[in-house]
Amino acid sequence: LILHSTCKPIAVRMVFFSCDKCAESLKKSKVDQHAMKCGCESVSCVDCGVSFWGDDYRLHTSCMTEAERYEKTVYKGPKKNDTKGRKLTPQEVWMEIINEALISSPPALISHLESLSTYDNVPRKEKAFRNFASNSLRLRGGNSASIVESIWNHLNSIRQAKIKAKEEAQEDTKKDNAICISIPTKPKANTTGKDTKKAVIKAVKKALKKAPTGKLKMKDLRKLVSEKLEAKGQKIDKKDFKVVIEGETEIILEGKVVSIKQ
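Under this note's numbering, the first residue of the sequence shown carries the number 1, and numbering increases by one thereafter.
The set of hints was computed from the structure by calculation and includes no laboratory data.
Hints may be right or wrong, so weigh each one.
In silico lysine-lysine, DSSO-like type, Cα no more than 27 Å apart, as pairs [as the list claims (entries may be wrong)]:
1) Lys238 with Lys174
2) Lys228 with Lys242
3) Lys194 with Lys166
4) Lys232 with Lys202
5) Lys205 with Lys239
6) Lys261 with Lys210
7) Lys219 with Lys261
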């Protein structure tokens, strides 16, 4: 008699690593302590088998579950930390910050941050965070308040740096979109498409020769050339500028950097 189980496989998150030198099984929080004794340079995840050198293992927060590993043909459940193809929630962004904080963390805070990284519900606001950290990390009495404050300040500094970087990136995008210049409706009599192309090539070569390294970023080069053209009553948009650059054999475009062929 064959019984078919209707129970769904339970996804179990593995948190163990294997020392690549002595093969000892280690909890994530014990890896550093073991490395000092053993002298190993890397550890491998027990689940996926990926090796992590130095401190890289700290960023390994999600992995293949037991159900996915042993019942690949059966298990169809969603991956808990699968964020591919969708925008991260504010909480997921915050948890990423906590994981990234391990890289630049002062030694005294590493073990606390590792413990925090195992939770999914770490508060994002300071007051709630302090209460959560004090209770979850059992930081009470003595200099515990100072430790919690240091953890918060470290995490918040990383968050603010990310916010600033995002704002700067958005500002650059706005500036790029604003440089969409159309050809004048009443061009000068001596300004034709051919003349504009020649003027662009001439201005490009001149700008590159003046550059200390003989190279310029496409964005900076386009700005310099646009200023030269506007002084002559000529204009060219971003798309046409790139077409002209790519069509000139004496000019080399590598990624976003432009140079003159030697």
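Taking the hints in turn, this is what the structure says about them:
no.: 1; hint: Lys238 with Lys174; result: holds, 14 Å
no.: 2; hint: Lys228 with Lys242; result: holds, 16 Å
no.: 3; hint: Lys194 with Lys166; result: violated, 40 Å
no.: 4; hint: Lys232 with Lys202; result: holds, 13 Å
no.: 5; hint: Lys205 with Lys239; result: holds, 19 Å
no.: 6; hint: Lys261 with Lys210; result: holds, 15 Å
no.: 7; hint: Lys219 with Lys261; result: holds, 19 Å
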